[in-house]
Amino acid sequence: SQTIHQWPATLVQPVGSPLSLECTVEGTSNPNLYWYRQAAGRGLQLLFYSVGIGQISSEVPQNLSASRPQDRQFILSSKKLLLSDSGFYLCAWRTIRGRTLGYTFGSGTRLTVV
Amino acid sequence: GNSVTQMEGPVTLSEEAFLTINCTYTATGYPSLFWYVQYPGEGLQLLLKATKADDKGSNKGFEATYRKETTSFHLEKGSVQVSDSAVYFCALSGQNSGNTPLVFGKGTRLSVIA
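Chains as they are written, first to last, in the numbering used here: chain A, 450 to 563; chain B, 884 to 997.
Keep in mind that the hints were calculated from the coordinates and are not lab data. For each residue, glycine too, the CB sits at the ideal point set by N, CA and C. Keep in mind that the hints are not guaranteed to be accurate.
[Unchecked claim] The calculated label-pair distances, taken between Cβ atoms and stated as ranges, are:
id, chain 1, residue 1, chain 2, residue 2, range
1, B, K935, A, Q504, 29 to 35 angstroms
2, B, E899, A, L532, 39 to 45 angstroms
3, A, V461, B, G961, 24 to 30 angstroms
4, B, K989, A, R559, 18 to 24 angstroms
5, A, G490, B, S897, 21 to 27 angstroms
6, A, K529, B, E899, 49 to 55 angstroms
7, A, S478, B, T895, 41 to 47 angstroms
[To be verified] Looking from chain A toward chain B, a few residues come up when the C-beta cut is under 7 angstroms (computed):
id, residue
8, G492
9, L493
10, L495
11, Y498
12, G501
[To be verified] Interface residues of chain A toward chain B, partial, derived using beta-carbon atoms under 10 angstroms:
id, residue
13, Y483
14, Q487
15, R491
16, S526
17, K528
18, G536
19, F537
20, L550
With the hints as extra help, turn the sequences into a complete structure.
The structure is reproduced here in structure tokens:
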């Protein structure tokens with residue numbers, strides 16, 4: 450069966466520090482991968498998505514970046530965090546042919562920048 | 884482009900009340916439609932889906948019917964429980980979307996009181 454892992458679950462980081470959030474998928478190959486952010490009390494904001502290794506589409510080019518070094522690994526990074534980067538970060542995946550299947554989401558990472 | 888509009892909350896209901904959360908969409912052709920649920924502190928879970936006109940998705944007592952003529956996919960439940968308190972998201976996958984990400988509504992927060 451397919452599973453998606455996200456870590457860490459909770460993170461408190463000072464302003465100006467770097468960030469690395471990791472997401473891995475098991476039980477499937479060549480998935481489409483997505484990073485979303487959800488600010489407190491707000492909806493979902495698509496940050497990045499990837500349809501293959503090394504292929505990244507940026508929806509919101511802020512001080513965040515994403516990379517896909519392996520087929521089932523998706524990493525969200527920042528060199529210097531801002532207070533406004535606080536939020537709930539969600540990774541999701543979908544099969545390339547899964548238009549009718551929707552996404553499967555990870556359990557999320559709660560990031561607080563202090 | 885494709886878009887989803889859902890009623891903004893919060894919605895507060897007493898236990899055993901009837902629930903309707905409205906969702907309308909704009910898309911060409913025949914998109915696939917989804918409802919996701921997000922319980923406090925968790926990621927999103929697929930609640931139900933419908934992939935063609937007049938389909939009815941159902942799960943855990945929730946139902947939604949894909950209405951092409953009114954471009955709607957309203958979520959209903961006959962008798963809500965306190966455990967249904969969550970944020971509900973309507974989403975769309977375009978007919979010819981290929982790898983294009985899902986389009987989400989802004990979410991509706993539901994609070995059910997005993």
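Against the structure, the hints come out as follows:
1. B/K935 with A/Q504: 29 to 35 angstroms: holds, 30 angstroms
2. B/E899 with A/L532: 39 to 45 angstroms: holds, 43 angstroms
3. A/V461 with B/G961: 24 to 30 angstroms: violated, 43 angstroms
4. B/K989 with A/R559: 18 to 24 angstroms: holds, 20 angstroms
5. A/G490 with B/S897: 21 to 27 angstroms: Taking Cβ atoms as reference, A/G490 and B/S897 lie about 23 angstroms apart, which means the hint holds.
6. A/K529 with B/E899: 49 to 55 angstroms: Distance hint for A/K529, B/E899 holds at roughly 51 angstroms.
7. A/S478 with B/T895: 41 to 47 angstroms: Cβ of A/S478 to Cβ of B/T895: about 45 angstroms, so the range 41 to 47 angstroms holds.
8. G492: Holds - the Cβ of A/G492 comes within 7 angstroms of chain B, reaching about 4 angstroms at its closest.
9. L493: With a minimum Cβ separation of about 5 angstroms from chain B (threshold 7 angstroms), the hint on A/L493 holds.
10. L495: Given a least distance of 6 angstroms, the restraint on A/L495 holds.
11. Y498: With Cβ-Cβ at 5 angstroms, under 7 angstroms, it holds.
12. G501: A/G501 check fails; min Cβ-Cβ to chain B is 9 angstroms, beyond 7 angstroms.
13. Y483: At 6 angstroms from the nearest chain B Cβ, A/Y483 passes the 10 angstroms test, so the hint holds.
14. Q487: holds, 8 angstroms
15. R491: Check passed: Cβ of A/R491 comes within 8 angstroms of chain B, closer than 10 angstroms.
16. S526: violated, 20 angstroms
17. K528: violated, 25 angstroms
18. G536: Violated, because the Cβ-Cβ distance from A/G536 to chain B comes to roughly 13 angstroms (cut-off 10 angstroms).
19. F537: Holds, because the Cβ-Cβ distance from A/F537 to chain B comes to roughly 8 angstroms (cut-off 10 angstroms).
20. L550: This hint holds: A/L550 lies near chain B, its Cβ roughly 8 angstroms from the closest one there, short of 10 angstroms.
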